[in-house]
Structures are given as structure tokens and as C-alpha cells.
Amino acid sequence: MAKSSDIPFARDSSSFFISWISMLMVFIATLILATALITHDSVKNWHKDIAGSLTVQIPSYDSDGKKRGELLQSDTETALTIIRSADGVLGATVLSDAQMDSLMAPWLGEHITTTELPLPKLIDVTIDTKNLPDLNQIKADLSEQVPMAILDSHRIALSKLITLAQNIIRLVGIVLILILISLAFSIMFVTKSGLKVHRKVISLIHMMGASDFYITRQFANRSFYLTLIGGIIGFLIALPVMMFFAYYLNNLTGSFILNATLTHEQWGILTCIPVLTATLSYLTAFKTVWGDLKRSL
Amino acid sequence: MFEKNKLSSPIAEFNGVSFRYGHGSEILKDIQLTLDPGSFHFMTGESGAGKTSLLGLFYMNHLPTRGRVRLFGKAVDTLSRAEKAQIRRQIGVVFQDYRLLNHLNAFDNVALPLRIAGVKETEIKRHVSELLAWVGLEKQLKAFPPELSGGEKQRIAIARAVINRPQLLVADEPTGNVDDAMAKRLLYLFLELNKLGTTIVIATHNQNLIKHFRFDQLHLSHGRLERINPNIRNNGQ
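Protein sequences, first through last, are from chains A and B.
Be aware that the first sequence starts at 1, since it is given in the working numbering, and climbs by one per residue.
Be aware that the second sequence starts at 1001, since it is given in the working numbering, and climbs by one per residue.
Isolated chain B (complex conformation) (with noise of 0.2 Å):
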């Protein structure tokens, strides 16, 4: 389904980094952390720890308030914004509640980024029915969102983020609402692309997925970021 990615530099780096919402308090503090490419990462954490302010480091949703982050190379706080775009067309996002277009139907939702990267209608109308083939939901192309089961919308959410097959991905709760076998279903769909050269960070409670697939895990603990195991890098521990 996808090809090999191939990148040597570090996709992530965050370089005591903290973040907080307009003067509140701060949610991250002095975070130190290196993504390797093709690494691939829990994020775990008791709700309101940190973990989508996090998140939305890694997508440019925001800046930090102090420290530098770099994103393949580059650090964010001097891009331009072509520079940006084309960054972001490098990372899928799968968002904790989905954010599908409820105007556009199953198929035109997971084509979106392929549109925006300017692909070919036929090689679009190629890869999503695959992709939707894949996830389960074959039968439900033309299905609009408000339609669908919050498994089903969690699914095309996922398959929106990986439809490009991105350098990095990350996502907020992706199987929060799909049972445990949906759940490892997709993950070997993120493992499939973890293969294949993409940098993974989930950020999920489930321990059952924590533990069958035991891989390297970043915790947040009171805005802090903790090394679980040893495979990351985390410089400022």
C-alpha cells in the first residue's frame, strides 16, 4: 500500500520547550526530546497532563512559549508560510474528536490531503477506496459523517491522516472509540507505515495496546516529559 520513506536527520527535536495558553500557567515545561526517524512512540499520561498541547507542537497548531522546535530540520519559529504548508503536508493528524468535514462524504474526507497536494483525481480515486477497503469501510464511501458511528468516523480519521503516507504522524486517542480488535487492527495499519519509514507518536490510555505492542513511551507527568524507555533520546533527563 505505501512506499519506503527515507530520512536520516532527526524529525522531531524540541529544545526546552514550554508551552501555555495565553498567561495561564504553564502545560509544558523545559521538554527535551529527539524523533528519530521511523521511531515510533506511546504517549501516555493522565488526562490534562499535556498530551494534545503536545501534540499540537509536532502539527504547528501552536508555537511554544519558550524554547525551540524543529521539525525535519528546520525550526518551526522562522518558517515561512509556504514553508509551513509544505512541512504539514509531510505529517498526518489523526485529532482526538476526528475533525471531519460533515459536508464532504467518507471518500472526499480522507482525499482532502491528497487534493491539497495535488495529486491526480485517478490516482485518488486508486488509493482511498483502497485505503477505505482496508479500515472497513468499503461500503461506506459515499457516507456522509453525521451518518456514520464514532468508530466509523474515527477510522476515516485515521485513514485521512496516512492517505499520504507522511514522514510523521500523530494521534490523539485514535482507537478511543473502536473495540479491541478494531483497535489492533489499525494499529498494525500505523505499524504497516512505521515499516516503512514513518515517525509514529500516539498519545493513548489504552494499556492493553501499551502493553501487546510495547513500544518506547513518553510520559508527561505535571507538564513534564518522562523517558520510559530507552530507545528515545530524551537529552534534558
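One chain only, chain A, in its complex shape (with noise of 0.2 Å):
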């Protein structure tokens, strides 16, 4: 004969309540932790694009076509003081004739001079990746002391998307911990509530001799169930939106910018969601039921 729960759960239409807040709380939250894996690998193959090394062009000629000569040797000396004093970098060093003439060699041949052709100075940076440079401000401040001097652009771009991205992680954690917090508070509510509604059936439980235990556990393993059900299913109604979003911006960046693709690992944190939240459930509706029993007689 099939055992029935001793409280009636079923008469409590506000326990329903927890299963449509964490359906809407595990969606959300599914969403967003899916943004911030995927913005994390981004962050990751950005920091290994401007990894390394970085150079810096010193022009050879002015832009009325004259050779700079002194002006040149100079400015490669104010630009390499510059670049050494910025924080983040290792070394910088002026790449040599022979260097030069080794790098152009493929297009020039080997019997061809580089002195001879109106090259810049080149000057290669080896940066810390665990601590990179700003390189806002070593652009800045080489505008100012080498107007001529050229810093690639492309990794300032995606240096400003990096501490953008980096934002937008911390930013879902906070949500994600006031996602937490608000089933938890919700969950706090509902239990108070039926402990209310059931006080009656409660008391007469605790006359034929059930330990607080007992009582606690049916309303914790009640909300476990019911934030389970309904975090599958917001879990369920988060993939299709998932996976729109991701041919979307595969389709839009060509997966230049974002490869909004997630990993095996990826997936397995995200099939977590539910079950983390019906943990919590559990633990906040153990931790109400049996505050709330301790007071009774």
C-alpha cells in the first residue's frame, strides 16, 4: 500500500509557488551562467592574441617623404625608456639590421639589404601575461613624447574588450548570488507559510512522538522535489533560447570575436544548475522547519 505524505502537502497550493520561482530562477540563472563560460573562454583567447610579445613602429621617414636620420635614433631611445617604465613589460629592444633583413627576407630574398629601403624602426616588447601593460597608456604617453611612434591598434581593441568582458563575469556572479539569495528568500516564505497551514497536523504528529527531525525532513525533502521539478524545467526551456543565441552571435562575428560554443565541461556546470538549487531549497526549508519547531512545545 502506497505511503502518503503525513503532512498535505497537496491541499498547499502555495508550495506550487517554489516550482514556477525556480523554473524562472534556474532559467535565468542558466542563461547567464552560459554568457559568462562562453565570455570566459573568449577572455582567455584574447589574453593568448596579445600575449608576448607587441611591437611598436618608429618611421624611418616624416610624412613630407624626408628621411629622419638623428631624429629617428632619438625617438627610438625616448620610445624604448617609455615602453621599459610601463608596468607589465619584461623587455623591449630595437630590432637589428640583421633582423631585419632575416624578417624581410622571404619576400626580398637573401641578398637584399633592408638599410637601403625606407623600413621602420621596429622595436619588439615581450609583455607579462600574468600582469599586462596598460597599453592605453603607453599609447598615450609615447603620442605625447613620439607622435610617430605606432602601437597596434588591435590589441588595444581587444585589451579594452578583455577588462569589458572580465565586468561582465564579475557582474553575473553578483547576479547569480542575488538569484540564490532571492529563491532562498522565497523558499522561506513558502515553508513559513505552510508551516502555518499544516500547524495543526504538525502538533498532532509531535503528540504521537515524531522528533523534530522527522517533521523537518518531509517539508525539506517536499521543497527538494519541487525546486528539482522546476528547475529541469526552466533548465529545459533555457536550451532552446541557448542555442538561438549562440547561431546568433556565431552568425554575427563570424567566431572572430566570441565562439559562442560551450565544452563538455561547460555543459556538465550548467546541467548542475538545477540540482544546486534544489540543494538549496533543501537546506533552506530544513533550516526554517526546524528553527520554527525548536519554538514549539
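Simulated from the structure, these hints should not be mistaken for lab results.
Careful, some of the hints might be misleading.
Stated by the list, open to error - Each pair of labels, with its calculated beta carbon distance range:
1. W20(A) with E1083(B): 37 to 45 Å
2. K1125(B) with K192(A): 34 to 42 Å
3. G291(A) with K1125(B): 34 to 42 Å
No experiment lies behind these values; they were computed from the predicted model shown.
Ideal Cβ placement from N, Cα and C applies to all residues, glycine included.
Once you've looked at the hints, go ahead and assemble the two chains, each given alone in its own frame, into the complex.
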């Protein structure tokens, strides 16, 4: 003969609010966590792009086509001083004539020297990948003292994008915490309401010798089950929405800026959301009922 | 149906116990009472005399406002919550208004004390079916309380109170809604439990039962307990 719950939860319509709220919360949490994971991956890729070395060009001819001679030399030294003094720069060296010849050999051949060509002086900058330099600041300093120096603008754009993405990830973290707090408060209020509705039954079960744990466990199990059901539905609804946005983003950027594809590990993290929210729900309901029963006779 | 209980110390001791609801006047005044293991008592008194309140003290529905109650040798005001639960599992209660759970069928209502005590489902099925058959409800196993008559509900309430073979059984008007024949049949069930060692206190107005079974009487009048039978040690009188 099937055992029903001792507490008539089925007659308590407020309990079903838990499923609705958890469905909504898990839906939002899944979308924003997926966004954060994709952004995190992209940030790693962008780091690789700007990691290692960076090149600064000092043109050897001015805008009128005249050779700059000694001015080129002084500009190069000033640029080296500015770059080397920046935080996050491990080193900076001017490419020698031999290195320039070697670089141009594939296009010009082995027997032509680059000193006869109007090529710029190239400064090779080694960057600390764990402590990226402020490229905007370096660019501003160079513009002020060596106006003709050219810094790779793509790297500067990526640097700004990384800062933006890192802030987005932090924001997502805050939103996730707020979602979990909201869910916990909702469950706490619904559980308190359930305690009031079922006060007489709880009192009767107590009189029969039920321990606080016996009663608390029934509320907590109910809360876990409803949150899990709502969470799974919310997760399933989030899937097509995620697929649509992934398709849209990949088409929009051609996977150049953002590669909106999740790895197996990231899918694993996302599928944990309904279970984690259900566990949070169990713990919240347990603590709420336990605390309330302690105040009863 | 039941195995014999073995206890030697008093089941319940009331020492100068008084009780009132909130700031109202005292309903029970200076109650002195000792219930020995295996004793059987009728509790009598006019309506409003305090019978239900006194029974409530037996199963810790409330605590005395003065005096001390000891159950199974332990002062109830010093018990931890776990100890209270443990003691309550040794007490069967038949409520005047039955207090059946309407969302559970007859079987599950009767099985509730066993499930609370953590008894295995196979054991529960055997005991509950047997007891419900004994009280004449073997065909009502799956019926829900709103589908049952007052008498049937009362028998389920009694079955629920005795199913876990309590050391102490308190019953508030347990035969109020059944005919005399069924009332005697139920009393014989209580008697069988009593012979096996369960201490029984039954609040009743049914003079036929009181005269027929001739057990000790605890008579409440104006909040004071009067000893009717010498088998009960009423220390204060």
C-alpha cells in the first residue's frame, strides 16, 4: 500500500509557487552562467592574442618623405624608455639590421639589405602575460613624446574588450548570488506559510512522538522535489534560447570575437544548476522548519 | 496481538499540579496523583470539569502552570525535545474529536505511529491490517475519513492509539459515537492491552461502562481530583 506524506502538502497551493519561482530562477541563471562561461573562454583566447610580444613602429621617413636621420634615433630611444618603464613590460629591444634582413628575406630575397629601404624601426616588446600592461597608457605616453610611434591598435581594442568582459563576468557572479538569495528567501517565506497552514497536523504528529527531524525532513524533501522539477523545466526552456543566441552570435561575429560554443565541462556545470538550486531549497526549508519547531512545545 | 510490557516505576506522577489557560482561572488545582504500571482508570466529571486538560498533561500537550509532572520517572519540564518525542512514542492518545488526517486513508492513519517509530513496512502492513480487522474495519482500509461515519472514525482513532502498544493510553470519550455493543468490544480491546501491562486512563460519561467494568475512578470536580477507588494512590486527599 503506497505511503502518502503525513503532511497534506497537496492541499497547500503555496507549495507550487516554489516550482514556478525555481523554474524562473534556473532559466535566468542558466542563461547568464552560459554567457559568463562563453565570455570567460573568449577572454582566455584574447589573452593569448595579446600575450607574448608586441611591436612598436618608429617610421624612418616623415610625412613629407624626408629621411629623419638623428631624429629617428632619439625617437627610438625615447620610445624604449617609455615602454620599458611601463608596468607589465618585461623587456623591449630594437630589431637589429640583421634581424630586419632575416624578417624580410622571404619577400625580398637573401641578398638585399633592408637599410636601403624606407622601413620603420621596430621595437619588440615582451609582455608579462600574468600582469598585462596598460596599452592605452603606453599609447598616450608615446603620442605625447614620440608622436610618430605606432602601437598595434588591434591589441589595444582587445585589451579594452578583456576589461569589459572581466567586468561582465564579475557582474554575472553578483547576479547569480542575488538569484540564489532571492530563491532562498522565497522558499523560506513559502515554508513559513506552509508551517502555519499545517500547524494542527504538525502538532498532532508531534503528539504521536514524531521527532523534529521527522517533520523537518518532510518539508525539506517536498521543497527539494518541487525545486528540482521547476529547475529542470527552467533548464529545458533555457536550452532553445541558448541555441538561438549561440547561432546568432556565431553568425554575427563569425566566431572571431566570441565563439559561442560550450565545452562538455561547461555543459556539465550548467546541468548542475537545477540540482544546486534544489539542494539550496532543501537546506533553506530544513533550517526554516527546524528553527520554527524549536520554538514549539 | 500484543506482547507484555514490563515496567515497575510509576507511569505518571502529578505533584501539586495546577493548570490554567493564559491568564484565566485555574482549571486544575493542586492535583496529586500516581499511576502505577498496568493500572486501569476511568476519568469522570461533568463537562468543563477539566478532564481534557488533565489528559493533555499526560501527553505533554501543555505543561502545568504550577507543580511538577513526571512521566516514566522523568520530570517533563526538564526533558529535551528528543526525550519528549521518545516519551510520546510510549503514549497512545484517543482524541475526543478523533483528529484523523483527512488526506490519509484508514490504513495510513493507523500506520502513522508505526512509521514515526520507524517500523518496517512489511511489519506495518501485517499489524495494521490485523488491528483494523479486529475493530471491524477490514473493508475500509482504503477509505478516507470524510467517507466514514462517526463511529468508524472513532474506531480508527482508537486503532491508531493502540497500534504501537503504548505503555500509557489516554482516551477522551473513546466510545462516545458507538453503540453499547461496540463500546464494550472496544473496552475489551483496552482491557487486553491493560492485561499486557499498558496503563489506561479513559475519560467517559458512559455510566454503563463504568458500572460494567468497575475500574478505579478519577473524579474531577471544580478542578480538584477526587479518589473514588482505593487502588489509586491519591496522595493529596
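message: Could you work out which of the previously given hints the structure breaks and list their numbers from low to high?
response: Every hint satisfied by this model.
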